[in-house]
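Chains as they are written, first to last, in the working numbering: chain U, 476 to 677; chain V, 476 to 677.
Read the hints as simulated data drawn from the structure, not as lab findings.
Keep in mind that the hints are not guaranteed to be accurate.
If several chains are the same, the list does not tell them apart, and a pair holds so long as it fits within one copy or across any two.
[As the list claims (entries may be wrong)] When the alpha-carbon atoms are kept at most 20 Å apart in a straight line, the in silico PhoX-like pairs for lysine-lysine are as follows:
| no. | residue 1 | residue 2 |
| --- | --- | --- |
| 1 | Lys602 | Lys570 |
| 2 | Lys498 | Lys627 |
| 3 | Lys498 | Lys674 |
| 4 | Lys562 | Lys541 |
| 5 | Lys587 | Lys602 |
| 6 | Lys672 | Lys493 |
| 7 | Lys627 | Lys659 |
Each chain, letter by letter, is given below.
There are 2 protein chains.
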Amino acid sequence: MKKNNLLIVVSGPAGSGKGTVLKELLAMSDDFAISVSATTRQPRPGEVDGVNYFYITREEFEENIKNDTLIEYTQYCGNYYGTINSKVSEMLESKNVILEIEVEGAMNVKRKFPDALLILLLPPDYKTLESRLRGRGTETDEVIKARLEQSKNELACFEEYDYVVINENEGARDAALDILNITKSEIKRTSRRLEVKEKFYE
Amino acid sequence: MKKNNLLIVVSGPAGSGKGTVLKELLAMSDDFAISVSATTRQPRPGEVDGVNYFYITREEFEENIKNDTLIEYTQYCGNYYGTINSKVSEMLESKNVILEIEVEGAMNVKRKFPDALLILLLPPDYKTLESRLRGRGTETDEVIKARLEQSKNELACFEEYDYVVINENEGARDAALDILNITKSEIKRTSRRLEVKEKFYE
Numbered sequence: 476m477k478k479n480n481l482l483i484v485v486s487g488p489a490g491s492g493k494g495t496v497l498k499e500l501l502a503m504s505d506d507f508a509i510s511v512s513a514t515t516r517q518p519r520p521g522e523v524d525g526v527n528y529f530y531i532t533r534e535e536f537e538e539n540i541k542n543d544t545l546i547e548y549t550q551y552c553g554n555y556y557g558t559i560n561s562k563v564s565e566m567l568e569s570k571n572v573i574l575e576i577e578v579e580g581a582m583n584v585k586r587k588f589p590d591a592l593l594i595l596l597l598p599p600d601y602k603t604l605e606s607r608l609r610g611r612g613t614e615t616d617e618v619i620k621a622r623l624e625q626s627k628n629e630l631a632c633f634e635e636y637d638y639v640v641i642n643e644n645e646g647a648r649d650a651a652l653d654i655l656n657i658t659k660s661e662i663k664r665t666s667r668r669l670e671v672k673e674k675f676y677e
Numbered sequence: 476m477k478k479n480n481l482l483i484v485v486s487g488p489a490g491s492g493k494g495t496v497l498k499e500l501l502a503m504s505d506d507f508a509i510s511v512s513a514t515t516r517q518p519r520p521g522e523v524d525g526v527n528y529f530y531i532t533r534e535e536f537e538e539n540i541k542n543d544t545l546i547e548y549t550q551y552c553g554n555y556y557g558t559i560n561s562k563v564s565e566m567l568e569s570k571n572v573i574l575e576i577e578v579e580g581a582m583n584v585k586r587k588f589p590d591a592l593l594i595l596l597l598p599p600d601y602k603t604l605e606s607r608l609r610g611r612g613t614e615t616d617e618v619i620k621a622r623l624e625q626s627k628n629e630l631a632c633f634e635e636y637d638y639v640v641i642n643e644n645e646g647a648r649d650a651a652l653d654i655l656n657i658t659k660s661e662i663k664r665t666s667r668r669l670e671v672k673e674k675f676y677e
């Protein structure tokens, strides 16, 4: 079933609970792996190369850009972040690979890999999103407002995603199950199973 | 969730085990109902109006054709068979409605209702299909050959279906579960959940 493994993009605004949901998903199934990004940023204490990120030099990163060997990349605070094609291909040999990236990256992946599965994770509504962000108690009012504003930008691409999964309060396990079921269904799409047709014409 | 109920077309060649799989599906979930067709054929002993078919006159049927109130229809052995729009709409208020129809009807449904979900049920391969048909022991060689030939015609429309579900030997329950999961996933498609987006712009 190797060739039926999927490239899955999971996006969601801050407060959607992406991290928790994906953790639940990995705990409930061995069929998924989360892609590790490459970055030019220095590793922070405790971070491990190949686990948190692949730490590469600016020259190496720009070589990847030049050779078009990145699935997507972006710059943030003067550093590059991106997903290296070959790393994902390797993982796809044995697992469904999840890219946890924001909307812009997601749209780039979709352009390059029309077969990728795009899932948008959302809290049940705007009020919940707001209260989750405030509940953290770690961000200033200004940051919260900026994040809420950004979440609206993300919703502007709603229809570009294939599926929307709602992460209800205390619902991370259900949301993870939804992603699991969506993946199981998707591999039954005729467009992903053309070999079945061939079997009948052998 | 009423408005999220789906119109589901299930097609499959003779020998695919459609009947058994759909029976399993109805047994495992209350969320599905099978559409009852209308026909101009006389009821056979034991058949019940509204259960096996809606028995209507030729005039009534042709009135339906004229008024474009049929989802699909066909003629067979001098009688009309078809699906009345309003009957399906009524059922959709409370359930996902399954149309168990052949390929041509399925394509007509797709044209009229692009939101309909099209599932093709298949045995694992051609040999299994053949041995299932022969195993029945009720059809002549000629009929079996004709059915096998017809199954190839059905496969010609493979890509027009959304999903392919394989009914393995002794696998009717698994195939029913597949249809159940596909339906659960489909209602999470962004194209079917545009109201979610609205919630965030209220």
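Lys498 and Lys627: within-copy, between-copy, both or neither at 20 Å Cα: Neither way: Lys498 and Lys627 sit 25 Å apart in one copy and 45 Å across, limit 20 Å.
field: Alpha-carbon proximity context of Lys672 and Lys493, limit 20 Å
entry: between (37 Å within a copy, 18 Å between copies)
- request: Please work out whether the CA atoms of Lys627 and Lys659 approach to 20 Å or closer within one copy, between two copies, in both situations, or in neither?
  value: Neither, since 30 Å and 27 Å both go past 20 Å.
message: As a check of your reading, is Lys587 near Lys602 (CA-CA no more than 20 Å) within one copy, between copies, both or neither?
response: neither (35 Å within a copy, 39 Å between copies)
field: Identical-chain pair category, Lys602 with Lys570, by Cα at 20 Å
entry: neither (36 Å within a copy, 31 Å between copies)
query: With identical chains treated as interchangeable, where does the CA-CA distance between Lys498 and Lys674 reach 20 Å or less: within a copy, between copies, both, or neither?
result: neither (38 Å within a copy, 27 Å between copies)
field: Within, between, both or neither: Lys562, Lys541 at alpha-carbon 20 Å
entry: within (17 Å within a copy, 60 Å between copies)
Consistency with the previously given hints fails for numbers 1, 2, 3, 5, 7, ordered from lowest to highest.
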